[in-house]
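All chains should be modelled from the sequences, with the hints used to inform the complete structure.
Number of protein chains: 2
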Amino acid sequence: MMQTMTIKSPLDMHLHLRDGDMLRLVAPYSAEEFAGGVIMPNIAPPITTMEALHSYRKRILQACGENLFLPYMTMFLKNYDDAFLEEAAAHVIAMKLYPAGVTTNSEEGAKNIDSLEPQLKAMEALNIPLSIHAETHSHNLFLREQNFLPILEYIAKKFPNLKIIFEHISSKEGLKLVADYENIYATITLHHMTLTVDDLMGEKMNPHLFCKPVVKTEADRDAVLEVALNANPKVMFGSDSAPHSKEAKESALASAGIFSAPALLPKLAEIFEKHGKLENLQKFVSDNARAIYGICPPEKLVLLDKSEYRVPATCKNQKAEVVPLFAGERCSWRVLGVE
Amino acid sequence: MMQTMTIKSPLDMHLHLRDGDMLRLVAPYSAEEFAGGVIMPNIAPPITTMEALHSYRKRILQACGENLFLPYMTMFLKNYDDAFLEEAAAHVIAMKLYPAGVTTNSEEGAKNIDSLEPQLKAMEALNIPLSIHAETHSHNLFLREQNFLPILEYIAKKFPNLKIIFEHISSKEGLKLVADYENIYATITLHHMTLTVDDLMGEKMNPHLFCKPVVKTEADRDAVLEVALNANPKVMFGSDSAPHSKEAKESALASAGIFSAPALLPKLAEIFEKHGKLENLQKFVSDNARAIYGICPPEKLVLLDKSEYRVPATCKNQKAEVVPLFAGERCSWRVLGVE
Numbered sequence: 001m002m003q004t005m006t007i008k009s010p011l012d013m014h015l016h017l018r019d020g021d022m023l024r025l026v027a028p029y030s031a032e033e034f035a036g037g038v039i040m041p042n043i044a045p046p047i048t049t050m051e052a053l054h055s056y057r058k059r060i061l062q063a064c065g066e067n068l069f070l071p072y073m074t075m076f077l078k079n080y081d082d083a084f085l086e087e088a089a090a091h092v093i094a095m096k097l098y099p100a101g102v103t104t105n106s107e108e109g110a111k112n113i114d115s116l117e118p119q120l121k122a123m124e125a126l127n128i129p130l131s132i133h134a135e136t137h138s139h140n141l142f143l144r145e146q147n148f149l150p151i152l153e154y155i156a157k158k159f160p161n162l163k164i165i166f167e168h169i170s171s172k173e174g175l176k177l178v179a180d181y182e183n184i185y186a187t188i189t190l191h192h193m194t195l196t197v198d199d200l201m202g203e204k205m206n207p208h209l210f211c212k213p214v215v216k217t218e219a220d221r222d223a224v225l226e227v228a229l230n231a232n233p234k235v236m237f238g239s240d241s242a243p244h245s246k247e248a249k250e251s252a253l254a255s256a257g258i259f260s261a262p263a264l265l266p267k268l269a270e271i272f273e274k275h276g277k278l279e280n281l282q283k284f285v286s287d288n289a290r291a292i293y294g295i296c297p298p299e300k301l302v303l304l305d306k307s308e309y310r311v312p313a314t315c316k317n318q319k320a321e322v323v324p325l326f327a328g329e330r331c332s333w334r335v336l337g338v339e
Numbered sequence: 001m002m003q004t005m006t007i008k009s010p011l012d013m014h015l016h017l018r019d020g021d022m023l024r025l026v027a028p029y030s031a032e033e034f035a036g037g038v039i040m041p042n043i044a045p046p047i048t049t050m051e052a053l054h055s056y057r058k059r060i061l062q063a064c065g066e067n068l069f070l071p072y073m074t075m076f077l078k079n080y081d082d083a084f085l086e087e088a089a090a091h092v093i094a095m096k097l098y099p100a101g102v103t104t105n106s107e108e109g110a111k112n113i114d115s116l117e118p119q120l121k122a123m124e125a126l127n128i129p130l131s132i133h134a135e136t137h138s139h140n141l142f143l144r145e146q147n148f149l150p151i152l153e154y155i156a157k158k159f160p161n162l163k164i165i166f167e168h169i170s171s172k173e174g175l176k177l178v179a180d181y182e183n184i185y186a187t188i189t190l191h192h193m194t195l196t197v198d199d200l201m202g203e204k205m206n207p208h209l210f211c212k213p214v215v216k217t218e219a220d221r222d223a224v225l226e227v228a229l230n231a232n233p234k235v236m237f238g239s240d241s242a243p244h245s246k247e248a249k250e251s252a253l254a255s256a257g258i259f260s261a262p263a264l265l266p267k268l269a270e271i272f273e274k275h276g277k278l279e280n281l282q283k284f285v286s287d288n289a290r291a292i293y294g295i296c297p298p299e300k301l302v303l304l305d306k307s308e309y310r311v312p313a314t315c316k317n318q319k320a321e322v323v324p325l326f327a328g329e330r331c332s333w334r335v336l337g338v339e
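Protein chains in written order, with my numbering: chain A, 1 to 339; chain B, 1 to 339.
Treat the hints with caution; some may be incorrect.
Stated by the list, open to error - When the alpha-carbon atoms are kept at most 25 Å apart in a straight line, the in silico BS3-like pairs for lysine-lysine are as follows:
(1) B/Lys121 / A/Lys204
(2) B/Lys246 / A/Lys246
(3) A/Lys204 / B/Lys319
Stated by the list, open to error - The calculated label-pair distances, taken between Cβ atoms and stated as ranges, are:
(4) B/Glu182 / A/Leu253: 42 to 50 Å
(5) B/Lys158 / A/Lys176: 54 to 62 Å
(6) B/Pro312 / A/Asp222: 57 to 65 Å
(7) A/Lys157 / B/Asn183: 40 to 48 Å
(8) B/Asn112 / A/Asp114: 54 to 62 Å
(9) A/Asp19 / B/Pro312: 55 to 63 Å
No wet-lab data here; the hints were simulated from the structure. Even for Gly, the Cβ is constructed at its ideal location relative to N, Cα and C.
Shown next as structure tokens:
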């Protein structure tokens, strides 16, 4: 008897689709299997105007082709005025804060956050969530997330009605903060649920597994995996699928980012089943995100069955090539189709 | 007035020269500036017979050309009998132990070491030093050196007259062990004196800075740098220069090893001067090694002057190409010539 499973409107709550040739290459992988996704605004130049937002959204929909896929747009948070934020509120699911100006220690960080406090205050009033890459620039890079926690705590306390999304959470210390603050939620990636620094470079070094925040210890990975498997209502799936060309990865200056889109649902099903938690997958990849963000994604039923799927060894069109996470590896579940 | 300095018979006490085209490419960089070096035996197949040893030594001398350079040979430690070790004693400076069979925890490790105890006992009697890559295979890779220390301690206690060389020491915990045991000495690389994990992947990831033991935290680097600058008599310079082709490095499975030969003396002079320790350089790159190993290297005076040197951006011949440490970077000292 064939084992099958239907996921209702799976959502990828943290997704980099890039632009141009790369967008056209990678968007279908997400659009075929997800009902929607939160689109990160860090293309070049970043999305900071309504015009850029609408135009990017259009290019995304075009790249998704016939697939039903709702791009939940975000903007790159900067010193916008209240009128702009009020207008933007209707078009974005969140404002994304990158730690560009956030430096070594937490006081310095807080000072930088200070300059954005008028915006955070307006966002709180307008009910625009803050999506945040929670890392400092400190040494060593394995502690950057941990070192950012005081800043996150400061924001959570100062703006108790601001919904804060701690993106791609990667450390057990980070998870503790999510548990401690009612207004902090988190996205969890497939790679932080499955990889440690030993996968990245325990034997050879694999630049395709290099990302920020960097994958960490077994204890961190296990902590992240556990809250995901339990579909803790404070967390939701967000792949942080972040393609870079094979050329940019296999180089003397490898870019950070893991392209996981071609592996996501099959691998998640495999992992949840392996741990006897298949019944929680629906919550983790959809229901929790609906509740946290208060969204109603398009109806899309994704049917999986338990038969072998092989993650592509490489993904390419005529102009771009990317090596995905788990390239060439077998998976015990596959996506059979969509209704 | 030009500032100059003469180093008497500089020695590189841990050196990978490889074989074939790569040997021909890299050997001159070491042979031009050093009076001798300890040659690691992990070519393919590894050096485990007298015949292979003599033949490799010959190929090395050929690759060094006209340069005066004494290769101090080592062999890959395995279950040799006493007669073989007695014969080898006259031809090797040390036996090299790789942690191939050494597994996750220290008991497992010790058990594996047990099987080599007859050899270690014979080496102790024959006064053959043990050169050791002091890492386990444990998770996470940043702790592998630390996790190996109990094994090293066990050997040091069990064979108090065995000279143990803790190769390419990279952690402050390791340095403490060297201080604690009379019969444990260490080699120090240029890269462990200068780099941290943030150089390896704090922003982009640079496979040319990937090595084992992996470069660690600022605290570790500073501890290693300090004993080197002070020319602590228990430590000596050993570059662990370990070339891999550009192709093997800039790939999805990057090999571990840093090719530092083209940068060594100029960069060491720059660092020692910067810290006001230039007077200790002679000890660190030669005298300490003479005393530790009891060797009399060939007389070779290497003259440096304080003028700009630029490390080559790449090193290649018709068949091989390697990217060196500090590729393309400026250095405030250069090697002027040799007498």
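Quick rundown of the hints versus the structure:
no.	hint	result
1	B/Lys121 / A/Lys204	34 Å, violated
2	B/Lys246 / A/Lys246	16 Å, holds
3	A/Lys204 / B/Lys319	23 Å, holds
4	B/Glu182 / A/Leu253: 42 to 50 Å	45 Å, holds
5	B/Lys158 / A/Lys176: 54 to 62 Å	44 Å, violated
6	B/Pro312 / A/Asp222: 57 to 65 Å	45 Å, violated
7	A/Lys157 / B/Asn183: 40 to 48 Å	56 Å, violated
8	B/Asn112 / A/Asp114: 54 to 62 Å	56 Å, holds
9	A/Asp19 / B/Pro312: 55 to 63 Å	37 Å, violated
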